[in-house]
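Please build the complete structure, drawing on both the sequences and the hints.
Chains as they are written, first to last, in numbering that gives the first Met the number 0: chain W, 0 to 480; chain X, 0 to 480.
It should be emphasised that the hints constitute simulated quantities derived from the structure, not laboratory data.
Since this is a predicted model, take the numbers as computed values, not measurements.
Do not take every clue at face value.
[As the list claims (entries may be wrong)] Cut-off 30 angstroms, straight-line C-alpha distance, at most; resulting in silico cross-link-like pairs (DSS-like, lysine-lysine):
(1) W:K2 - X:K414
(2) X:K458 - W:K8
(3) W:K384 - W:K74
(4) W:K7 - X:K414
(5) X:K228 - W:K417
(6) X:K256 - W:K7
(7) X:K26 - W:K428
(8) X:K2 - W:K414
(9) X:K414 - X:K256
(10) W:K410 - W:K458
(11) W:K255 - X:K417
(12) W:K414 - W:K255
(13) X:K2 - X:K260
(14) W:K74 - W:K414
(15) W:K417 - X:K417
(16) W:K260 - W:K458
(17) X:K26 - W:K417
(18) X:K256 - X:K417
(19) X:K255 - W:K2
(20) W:K458 - X:K4
(21) X:K8 - W:K4
(22) X:K414 - W:K8
(23) X:K8 - W:K417
(24) X:K8 - W:K260
2 protein chains.
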Amino acid sequence: MSKEKSVKKQREALCEDLLEAQFELQKANLGPVLLLVSGNDLAGKAELIYTFYDWLDNRYLNTRAFTLPQGVERKMPRLWRYWRSLPPAGTLGFYLGSWYHQPLIRLSRGQLSEKHFTAEMAQITRFENQLVAEGVGLLKLWLHLDDDHTQNYPPHQQQQQYDSLAMREWGEFSTTEYSAVRQAADRMSELTSSAIAPWIRVPSSDPDQRDLQVGRLLLQAMEHQLQGKGLRPDQRDWQPSKHDRLAELDYDCALKKDVYKRELAHYQQQLRDLIRHPAFAKGSLLLVFEGADAAGKGGTIRRITRCLDPRILRVHGTRAPTDEERSQPYLLRFWRRIPAPGRVVVFDRSYYGRVLVERVEGFCSELRWQQAYAEINDFEAQLHKAGTQVIKFWLAITPQEQLSRFEAREKTPTKRYKLTDEDWRNREKWPDYVNAMNDMVENTATAHAPWHVIPATDKRYARIQALRIVCETLQKRLKQS
Amino acid sequence: MSKEKSVKKQREALCEDLLEAQFELQKANLGPVLLLVSGNDLAGKAELIYTFYDWLDNRYLNTRAFTLPQGVERKMPRLWRYWRSLPPAGTLGFYLGSWYHQPLIRLSRGQLSEKHFTAEMAQITRFENQLVAEGVGLLKLWLHLDDDHTQNYPPHQQQQQYDSLAMREWGEFSTTEYSAVRQAADRMSELTSSAIAPWIRVPSSDPDQRDLQVGRLLLQAMEHQLQGKGLRPDQRDWQPSKHDRLAELDYDCALKKDVYKRELAHYQQQLRDLIRHPAFAKGSLLLVFEGADAAGKGGTIRRITRCLDPRILRVHGTRAPTDEERSQPYLLRFWRRIPAPGRVVVFDRSYYGRVLVERVEGFCSELRWQQAYAEINDFEAQLHKAGTQVIKFWLAITPQEQLSRFEAREKTPTKRYKLTDEDWRNREKWPDYVNAMNDMVENTATAHAPWHVIPATDKRYARIQALRIVCETLQKRLKQS
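See the structure below:
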């Protein structure tokens, strides 16, 4: 059999397997599987992707190509644009310019210090680990050409075919700087080749063999998804809390009505002024409210949002994820909702659900909620770095107080709707929630995103405390800017 | 009882009713209800919205304020930004600058002719009719002040409270041009007050009464949603087709393999060149593929997409809508996917599903699919106007041909996945689909977005036809530009 015929036969068999795996992946709503395609400009990154558009079902393919961040992207956390454009489950994503692209370019051009490059690679590793832990498949390919080939490649025939596609535009790197890029790439590979997402070097001098090899790697990656066989990170970094913060609170704190009214007016005016401060628009504000049912989150939030221009404000009530959201990494729906500069976002319940309700109710594995502390800290650190002030509140009531509020709600016809069977069921797990709350505060209270645990038996007291804390935090922040 | 006490009592009762209705709306996933708040700058548009943020559950509120279109918005159909930012079902949407804002400003400043203003108002009426027909509630409010009040308003106390919020920024119109605005607004109200979405004038000299009145209107609108009592447009504009286009085709059309190969190379090269033409990037391309199962849509699409840079391409496979999509106007998911300038979008099945599968399977009411022809024509006309070339294909096979393809698929292990029970069931309704197809072509073939019905017994023939038509259409278009 001629070499050509053998290649054709292999290709046809592979193609059928790939189509079937693609169909199964789609049906099972698993993945997505992401292919990061990097390498020498002449190694055929573009052709490779064309090949797969030819082989596969185009409906379940996504291609992403990121160049320099544009517009608001420059003011958001660096990984934001990758998070929000993650392809949906059941599909494949090809990345021509991935999250490695900018750091690699900048390192090879000497625009990034080794130290910063290392820090960015560590950030990327945490990002990738989180994706993989959440069921995303990752295939990181470096298309490699020997030096002999970089001069003559692509062969004449290929050249002709792709010339008209303005191949130059595909180039990540100019040929002249390629030796510097190669050095940078070696460093990148060293720093980010983990067991779960290694860089794979694909010899690319023979396009047919290159495409076949990548096809086989892709098939394997899809099969791993389907069989649930892929390696998952197992590192967890947390410690159980040793004391009960909720037991330490003074639940008798209260404000008289006239004091409340005076303080409310005072802090609301202060908050209005702070939000109008020109420096505020450079950053943004994220308020997180957690606490037991009937702790008074809604009322407290309203006292704050009343001071805010509705155009810059968004209050998100976090509920059980939709089916679509459930098939995505759990932080994604929060990444999608972080505030742009000058904006305020309030989460009425939040991503902390992972270490609260999801932990207590067993909606996620023990491994995953134990890993979530570090993931959430990382998320908030990225927000902080990009200029978002994160302030977190826990409104604390006693089980007795909750009971009397539930009973009051039951008696008030117009408030009965607020009470569901679930609320009563949750009460039975009160000690579990207390435990989860303490572990949460222990592991996620940071200097830049502290927890404020407020006794909320007296609603007036709780509201004023929250308002005061928001004002004081903003004041401090604006002074620094 | 003092006036103040009476207002307070009314407010409290209204507030409870509103909260309950809001909860029910959210639970039933109905709506959204949109409140368009327009009127005199001093009439308290902002305060009104603040009031509702104070009264209602903030989690289910959205505020939108549109000023001049920004960036890519300027190159997309005018209504695109309103479509894509429609609040989700179960929520309320407040609009400070709605789709009326720009035309109103431009008319009052003499920047828009009466004729164009009228055309824009007609476009808006069609848009609103479609929203209402799809279950969206619309409340269009004009906050009105007597001339006496425009001088003195807002009263001192209010002024003080809102001054710090930079009230001026809320202003849609400067006070000096208000008489011109009022004239324009009268014209607007005349042209766009239909029975289903009338403009309601709200006297606003007394803020308490204003808020109470709007609260009651809002409550009524929510109750109409909940009771399914709102008026719906009942106009339908279509005619049944009188002849069978599918019976007229020559299903024997075929190409020999060598001719096919030559033509394929020819047209693919031509398409590559056309897409690279600098003028192409000014507009965009939308390809719609419809046809029976196994008609060869996927293979034809791949022959076209192979010529396209994956970065500018998106192929959407249209399937049954998700639960979330089902709660939204049916065209929304397609509005969200229209191509930006320089881009190509391919729909493998499309919004025509409404007048095909949804009609045949009874997934939508007779009234709604009969109204869909005009809605779709309107959608495509807006795309055309904004520079998107729409090309629509029906790949036609006979039921016998389909049967033999199904049987072939059953015999090929790796193609069996393509065949589902649903495919077999659909076959039983062949005459209904033929009927629906003919009505569709009869009612939606337009000069700027024609249907191309291609006999596809011979796959080669069909692929070349489709490629040729895309090339010729683009060629013609680029020559004109």
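Hint check:
Between K2 of chain W and K414 of chain X, the direct Cα distance comes to roughly 27 angstroms. Compliance with the 30 angstroms bound is thereby established for this hinted pair. A C-alpha spacing of about 22 angstroms is found between K458 of chain X and K8 of chain W, which places the hinted pair at or below 30 angstroms, so the restraint holds. For the hint linking K384 of chain W to K74 of chain W, the alpha-carbon distance of about 10 angstroms falls within 30 angstroms, and the restraint holds. Restraint check for K7 of chain W and K414 of chain X: satisfied, since their Cα atoms lie roughly 19 angstroms apart, inside the 30 angstroms limit.
Taking the CA atoms of K228 of chain X and K417 of chain W, the gap is near 26 angstroms; set against the 30 angstroms cutoff, the hint holds. Of the supplied pair hints, the one linking K256 of chain X and K7 of chain W holds, its CA atoms being roughly 18 angstroms apart against a limit of 30 angstroms. A hinted pair counts as satisfied when its Cα atoms are at most 30 angstroms apart, and K26 of chain X with K428 of chain W qualifies at roughly 25 angstroms. Taking the CA atoms of K2 of chain X and K414 of chain W, the gap is about 27 angstroms. The hint holds against a cut of 30 angstroms.
At roughly 23 angstroms between alpha-carbon atoms, K414 of chain X and K256 of chain X fall within 30 angstroms of each other, so this suggested pair holds. Between the alpha carbons of K410 of chain W and K458 of chain W the distance comes to roughly 19 angstroms, so the proposed pair stays at or under 30 angstroms and holds. Distance hint between K255 of chain W and K417 of chain X is unfulfilled; the C-alpha atoms sit about 70 angstroms from each other, more than 30 angstroms. Annotation: proposed proximity of K414 of chain W to K255 of chain W holds, straight-line Cα distance about 25 angstroms (limit 30 angstroms).
A C-alpha spacing of about 86 angstroms is found between K2 of chain X and K260 of chain X, which places the hinted pair above 30 angstroms, so the restraint is violated. Between K74 of chain W and K414 of chain W the alpha-carbon distance is near 42 angstroms, which puts this suggested pair outside the 30 angstroms criterion. For the suggested pair K417 of chain W and K417 of chain X, the alpha carbons sit about 47 angstroms apart, so the restraint of at most 30 angstroms is broken. As the CA atoms of K260 of chain W and K458 of chain W are separated by approximately 12 angstroms, the hinted pair is consistent with the 30 angstroms bound.
At roughly 12 angstroms between alpha-carbon atoms, K26 of chain X and K417 of chain W fall within 30 angstroms of each other, so this suggested pair holds. The hinted pair formed by K256 of chain X and K417 of chain X meets the criterion: a straight-line CA distance of about 25 angstroms does not exceed 30 angstroms. Distance check on the hinted pair: K255 of chain X and K2 of chain W sit about 27 angstroms apart at the alpha-carbon level, within 30 angstroms; holds. For the given pair, K458 of chain W sits about 24 angstroms from K4 of chain X by alpha-carbon distance, which is consistent with the 30 angstroms threshold.
Only pairs whose Cα atoms come within 30 angstroms are accepted, and K8 of chain X paired with K4 of chain W is rejected, the gap being roughly 87 angstroms. At most 30 angstroms may separate the alpha-carbon atoms for a hinted pair to count; K414 of chain X and K8 of chain W meet this at roughly 17 angstroms. The hinted pair formed by K8 of chain X and K417 of chain W meets the criterion: a straight-line CA distance of about 22 angstroms does not exceed 30 angstroms. With a C-alpha separation of about 20 angstroms, the suggested pairing of K8 of chain X with K260 of chain W holds against the 30 angstroms cut-off.
Hint compliance for this structure: hints 11, 13, 14, 15, 21 are not met, and every other hint is.
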